[in-house]
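Read off the chains here:
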Amino acid sequence: GAVVSQHPSWVICKSGTSVKIECRSLDFQATTMFWYRQFPKQSLMLMATSNEGSKATYEQGVEKDKFLINHASLTLSTLTVTSAHPEDSSFYICSARDSVDLAKNIQYFGAGTRLSVL
Amino acid sequence: SQQGEEDPQALSIQEGENATMNCSYKTSINNLQWYRQNSGRGLVHLILIRSNEREKHSGRLRVTLDTSKKSSSLLITASRAADTASYFCATGKTGTASKLTFGTGTRLQVTL
Chain E
1211 GAVVSQHPSW
1221 VICKSGTSVK
1231 IECRSLDFQA
1241 TTMFWYRQFP
1251 KQSLMLMATS
1261 NEGSKATYEQ
1271 GVEKDKFLIN
1281 HASLTLSTLT
1291 VTSAHPEDSS
1301 FYICSARDSV
1311 DLAKNIQYFG
1321 AGTRLSVL
Chain U
1049 SQQGEEDPQA
1059 LSIQEGENAT
1069 MNCSYKTSIN
1079 NLQWYRQNSG
1089 RGLVHLILIR
1099 SNEREKHSGR
1109 LRVTLDTSKK
1119 SSSLLITASR
1129 AADTASYFCA
1139 TGKTGTASKL
1149 TFGTGTRLQV
1159 TL
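Top to bottom, those sequences are chains E and U. Under the numbering used here, residues 1211 to 1328 are what the first sequence spells out, in order. Under the numbering used here, residues 1049 to 1160 are what the second sequence spells out, in order.
Derived from the structure by calculation, the hints contain no laboratory data. Cβ coordinates follow ideal geometry from the N, Cα and C atoms, glycine included. Take these hints with a grain of salt, some might be off.
To be verified - Sample of chain E residues facing chain U (criterion: CB under 10 Å; computed from the structure):
hint : residue
1    : Val1214
2    : Leu1254
3    : Ile1303
4    : Phe1319
With the sequences and hints as input, model every part of the structure.
Now the structure itself:
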């Protein structure tokens, strides 16, 4: 089955530093990847849609300069949380759509990254 | 705002019992999907039902879709302790093929 690898799974950083999270599709190509944020016991909130070779599309209210997204290849998208602050602490999850099977619109998820900003 | 609202928010049953969770949505959709999330992990796709389908089965899962009521249900039969997880419905809107909007989720606890 389609596998998405997300790293790191857990990161603790100091306030003001930047953190990069990687999302890789291991056995399929993904022209589109998605980044979500999830608060405890809540649903997923879509932050942005990452498009290979072009700029990401951000959801309303998400600061693009705060959450930098790069999708440089068909198998890798990165999310960088810049100048992180304690309120950025959250669970971040990426997903990817298989470029070959777009009609199904099924998303394959990474295991998530728990970010704690001190 | 969230597209899907699910109920119940939490459900606790004993192993062997059936679990039913419901999802309501607001706009026209292409399809509706159900995902499962174990605590602190990513989501796993369970089943997809298209807008022109009314019922679909996969193993112990049964999904129904009523587009006139804009609602769907997920039934897990003969539940097991390993089914303990959060379950989310997700809808793909007509005209926007890529994005999925996730419901609020049902936390299922299956006890021995």
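These are the hints, each one checked on the structure:
1. Val1214: Hint holds; valine 1214/E Cβ to chain U Cβ min 7 Å, cut 10 Å.
2. Leu1254: Interface hint status for leucine 1254/E: holds (5 Å vs cutoff 10 Å).
3. Ile1303: At 5 Å from the nearest chain U Cβ, isoleucine 1303/E passes the 10 Å test, so the hint holds.
4. Phe1319: holds (4 Å)
Checked against the numbered hints listed earlier, the structure breaks none of them; every hint is satisfied.
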